[in-house]
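Peer 1: Residues per chain are reported as follows:
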Amino acid sequence: MVIAGLIFVVLGAAIYFPILRRRVKRAARLQQQSEEQARRELAQPITVNPGDPRVKTKLYWASDAMDSTLAPVTVELPLANDPVVRSKQVLNTLLAGPVDAELRTLPPDAVLLAFYLLPDGTGIADFSEALATSVPSGIASEQMAVDSIARTLEANVPQVRRLKILIHGQEVETLAGHLDLTGAFVVATEPVAVPANPAVAAASADKAPASAPAATPATLTPEKAPGKLAQPERKQ
Amino acid sequence: MLLDVRNVIRMRTIFLAGAGSLALVGAAMVHSAQSPTQAPGAPAVTSPQVGTQAQRSGLNIVVLDPAHGGTDPGARGTGGIRESEIVLDLATQVRRALELAGFQVVLTRQGNENPSFDDRSAVANAQRGAVFVTLHISSTGLPGTVRVYVNSDLAAVTEANGLIPWDRAQAPFLGLSKKFGDLVQGMLVQRFKSSPDTALTAGVRQLRTTAAPAIAVEISSIVVEDRAELDRMAPGVADAIARGAAAFKPSYVVANVPGTLP
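The listed protein sequences derive, respectively, from chains A and B. Take the first sequence: its letter number 28 is residue 28 in the numbering used here, and every next letter is one higher. When you read off a place in the second sequence, starting at 1, and then add 1000, the result is the number in the numbering used here.
FYI, nobody ran anything at the bench for these hints, they're computed from the structure. Careful, some of the hints might be misleading.
What the hints assert, rightly or not - If you anchor each label on the Cβ, the simulated ranges turn out as follows: (1) A114(A) - A1156(B): 29 to 35 Å; (2) R29(A) - E1159(B): 49 to 55 Å; (3) K56(A) - G1080(B): 44 to 50 Å; (4) D109(A) - D1118(B): 42 to 48 Å; (5) P72(A) - E1225(B): 30 to 36 Å; (6) E171(A) - R1076(B): 24 to 30 Å; (7) A14(A) - S1116(B): 52 to 58 Å; (8) Q170(A) - T1071(B): 15 to 21 Å; (9) L1142(B) - E173(A): 43 to 49 Å.
To be verified - According to the in silico footprint, chain B covers these stretches of chain A (three or more CB under 8 Å from chain B): (10) 102-113; (11) 176-187.
Where is the CB? At the ideal position from N, CA and C, for every residue including glycine.
Please take these sequences and the hints and turn them into a complete structure.
Peer 2: In structure tokens:
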């Protein structure tokens, strides 16, 4: 009787275990997916709030008239006043791409994961891995990608003076083998306005080397960052 | 009679001076035909070095950098063509054109390796009187055009000990780089219409750590259907770089930049 009971239990386990294993695996996969989805949703909740005032927004995509240059496209978008929310809104619109997909500057699978604004006006844009892996490799194409981000921010978010690009939260050496991402890009080309926080201004003046231009703002990591690395070209 | 033969061989040797191995074959022939220890062809073989020794203070070395390589294929075309392979072949042609123009050429890679950005810069930074040219094929742009890039503005910083920080070694050379770049681009646009007239500016990582006049040359593009289209451009690109370097030579006056080789 006891032996019959044991055999029954063993047989039952033999049938049930594979099913259980499959279920656990499926559950794990589902959880992974939902985590990824949650991250994306967190990253992209800010699209457009219809309540915001509609403003003319300049987005820089590739020009169809001139090879390897950018051209602004003006669209009316409801934009928030908060510079961080506003930056996310314009960058997400930029990532969504123009009507003509040929004129894209950023890969369609790239996602803006986060955007921060430091008190000194440095905007930190954190993009998903796809920005680096899917952008066409080359000096011209990588520069177009970075320039389109920098110039779109310049045109729509005056508070962003400089731009630092991260890939999946990490500082990387280049975008896709060519363009230097170790420093920050100058976004606002006109002279820097007096910073709101005088302590920051004093600190930056102290740290600025004597030979550097007076307008050079404090770098993000002064001991390491090469400072002004790339100035978006004036192509108009 | 013997003298005649020797003169013919010497002329051939001079003619072939740029093509290293062939020139050596020529010299060996002279050697076997003549017993004297000094082969008459020898000076012709070494003429580039003789020429540069006379102008030790100026520009005499061109460091050529075929980009990518090894595990990094660079830009890839639909037909399976790889930037890393095309630029290596291109470098061979550019080298020949430069040697014929009297320059000594140093390559940052000879085969399918992938030295780091710093390793490649180090090759140039160890030379005196050198310029640096990194060769690329783009993924985009109008096919049949070539663009020259110089590094974007870098705030020049000299540390208290008088040394230039490695991570912005290019800063003191930006003016010369721009001049060199404009000259090469000017030569390129004569052959490749629709290319820009002057050098462009970009934050090219490879250029930033290079302590010499440095340019990037990028050919459009990898999307051509047949690799032959890019190979056909190689002689023109090689010639433009060699003529650009020759035109740049008189402007190459390196002021004593502290922290770099004199």
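Peer 1: Now look at each hint and say whether the structure bears it out.
Peer 2: So, going through the hints one by one against the coordinates:
1. A114(A) - A1156(B): 29 to 35 Å: 33 Å, holds
2. R29(A) - E1159(B): 49 to 55 Å: 54 Å, holds
3. K56(A) - G1080(B): 44 to 50 Å: Since the Cβ atoms of K56(A) and G1080(B) sit about 46 Å apart, the hinted range of 44 to 50 Å holds.
4. D109(A) - D1118(B): 42 to 48 Å: 31 Å, violated
5. P72(A) - E1225(B): 30 to 36 Å: Holds, at about 33 Å.
6. E171(A) - R1076(B): 24 to 30 Å: Holds, since E171(A) and R1076(B) (Cβ atoms, about 26 Å apart) stay within the stated range.
7. A14(A) - S1116(B): 52 to 58 Å: Given a distance of about 56 Å, which is inside 52 to 58 Å, the answer is holds.
8. Q170(A) - T1071(B): 15 to 21 Å: Check passed, 20 Å falls within 15 to 21 Å.
9. L1142(B) - E173(A): 43 to 49 Å: Because 29 Å falls outside the window, the suggested range is violated.
10. 102-113: Coverage by chain B is violated for the stretch 102-113 of chain A (0 residues, Cβ < 8 Å).
11. 176-187: holds (count 7)
The structure fails hints 4, 9 and 10 (numbered hints given earlier, in ascending order).
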